[in-house]
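Residue numbers (this note's numbering), protein chains in the order written: chain F, 26 to 327; chain S, -9 to 124; chain L, 89 to 388.
Simulated from the structure, these hints should not be mistaken for lab results.
Everything hinted at is true.
Some residues of chain F that are not near chain L, with every Cβ distance over 10 Å (derived):
(1) F175
(2) P211
(3) K214
(4) S226
(5) L236
(6) F258
A few chain F positions that, by computed beta-carbon distances, are all more than 10 Å from chain L:
(7) E90
(8) I125
(9) Y209
(10) L234
(11) Y251
Only pairs whose alpha carbons sit at most 30 Å apart, straight line, appear in this in silico DSSO-like list of lysine-lysine:
(12) K245/L x K105/S
(13) K313/F x K31/S
(14) K281/L x K105/S
(15) K257/L x K239/L
(16) K356/L x K105/S
(17) K107/S x K376/L
(18) K281/L x K107/S
(19) K190/L x K210/L
(20) K356/L x K281/L
(21) K210/L x K255/L
(22) K363/L x K105/S
(23) K245/L x K190/L
(24) K110/S x K356/L
(25) K190/L x K239/L
(26) K17/S x K67/F
(27) K365/L x K239/L
(28) K365/L x K107/S
(29) K110/F x K107/S
(30) K17/S x K323/F
(31) K41/S x K356/L
(32) K105/S x K365/L
(33) K228/F x K144/F
(34) K323/F x K61/F
(35) K67/F x K120/F
(36) K17/S x K61/F
(37) K110/F x K17/S
Predicted, not measured: the structure shown is a model, and the values here were computed from it.
The C-beta atom is built at its ideal place from N, Cα and C for all residues, glycine as well.
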Amino acid sequence: MKLIFANSFLFIFYLFGLTQSLEKSLIDANFQYAVKLFNEEKYFDAVTEFKRTLFFDTENKFSFESNIYIGLSYKHGGFFDLAEKFFNDAFRCAKNSDDILLAKLELLKLFLLSRNEPKAQTLLFELTSRYVPINKQLHFESGKDFSYRFNEIIYWNGFSQLYFNHPQIANSFLRQLRNTTDSYYPFAKELLSITDSVIASQKSERTALILSYILPGAGQFYLGEYISGLISFIWNSLWLYLSIDAFTNKREFDGIMILSLLWFRFYSGNIQNTSEFAQNFNSKVLNKWLNYLQNDFKGSKP
Amino acid sequence: MRVFIILSLISFSLITAQTSEAIRWEKNELNYEIPVHSSQKEMDLNYKSTKDFVIKPLINLYWLLISNVDGDNCPFEPSCSQFFIDATDQTNFLTAVLLFSDRFQRDSNFLNRLKYKRTKNHKLLDPIQNYLFE
Amino acid sequence: MNSKIILKASFFLFIVWNAVSAQNLLRDEPQNIYEFAKHLYCEGDYLRASLESLRLKEIAPPRDSYFVAGSNFPFEDSVNFILGKSYQNLSDYENSTNYFSKFLNSNSPLKEVAAKEYIKTKFLQGDELYLDKNFLTDEGYHLLPFYYAYKLLSELKSFNCVDPIEKLKKVEDPSAQLFIAENCAKLNSLEYKSPLTAGIFSAIIPGSGKIYTHNYSDGIISFILTTLFGYLAYDNFKAEHNFRGGLFAAVGSFFYAGNIYGSAISAKIFNKDMKEKFISGLFDGLRKNNYFIDEVNFCK
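Can you build the whole structure from these sequences, using the hints too?
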């Protein structure tokens, strides 16, 4: 008798709990659980749970959010191709223009991380031409004014161009900033000052090349590569001297051979090296700032 | 040498992005930095055998004084001198010289470029492993 | 006594309460897990399909005659089959054969196709195929012809195909017979190059060994380099420039010897490439023919 009583008591509680959780909606709960996993950085399991949400969510209540979250999880796992697929799915599930912009920005961040510059630039161009005023005329999409996101688009243009080592272009974008109260303004301002200091500390590849064309080794000296510059200078002057010596002594064949086979080889090597040194020098300057952006910068980032 | 090959294979697989999931994975550290590639050869100071004391100083000197400053003339990866070093590590000296000679002749031929796979740096992939049997 | 029961009841209550409110029915109800695992498998997410199936096996212990709604196959069978196929797609052949082998002694409706998948996995794994006693005694499953086909296929995979006509009679399936016969003919018509011949060719005429192994431009360049330095050496010796002559002779013989060795190696590379091409053609054909296994219609 007591056992029956206990069991029925149990059963009532069981039913009570069941109806409660059903009320809350199973899919809702699963989505919340997936978000919790995502926030705990358990990205692999988060993907499973978001996929489960997608599968059972026949009314597409969470399809946009789940796809975005799956994309983000794959991004954190380094699976960039899969992430791209799910961000594109999210784009297809977008319910409004804000969703579309969100999906596109996530794609942009992904292309930054995977260093896929062609795709990133195409996307940036699309975003800019759609959301940034041309000839002082704002573009409207489905009757909605996007001017309040102007600084956001400018911010991402600046960030991306800086990221791909085009600080000049980044600078010219960030100078268009509008002094409004949105959250992107202060960080875009900070990006602007970063581009200024990158431009100031990078060295011009063109200057270095011109120096090396005129005096082999000079470009390397300008870039601080003294040993390579010195060796280049010695080889170039040696072969030039020997060929001139051959020509003056009427040994034209020897002169042509030295000039074409030896001098030219070291002269073009000198140019190639100058170009490579300049690019690597500038990359290293930028990398210091990219490190700062990744670790200490407080603004929105990939 | 084996370790070097394994390390280079690992580093290669790290560079290529992952495309499908084979096992449970964890969070992957992201990196914003621009990869910096230098075609300048670093001095090889890893002397292990007497043979290394004969060959490596010569090759280091060649790299410092000539190879690093005469431009990018070798379409292959690894370069001809590196190919020779790998060959001496993997086989005996005579075989290495013969393989090096063969590589040098293939290097002089610019009609055979389609035969090789391209690396990330657009070089022709031609490691010593392709020429070792048994 | 009374207090003990109340204590027990409240303990159970606690567990049930937790199970119901904290846990998610979507996540832990066997039917739901099954549907989701099947969906993942059909989507191509084999890793998660296998993990969900394993979780399902843990939650719902095996029950032979338990059918899941919407499935034509017993629950346990479907799960094992999904596991076997998922591991096969993940190239985890150990686990895959493990799950397919569970069908061999059963009377499941999936037995025949699972046994075929078992043989296929063994073939992919490179294991020597062996006949299970069940295949031999139970003639109802018609597995012997399939087995013989795979035996021939694994011979082809190790570049071996002798006297196929006799063996092919046992295969029965005409498309498999045709496929194996075609590939056998392809294998036997592969044209190998002898390293020795290539070396001898290059020793007689520099570069000709490379031409023999179809490396035409390499052969021509080697010929030019070797004869050029040979001529320079000859010319200098004739003009009694012995030092220069010696130098050119050294470089010339360096090229000459390297070319002989390189020709022999290129014959070996040629043979290796032929074999690799054959293997990739074999597997392309197998994929096209779906490995001669009828697809189980899980995904619709």
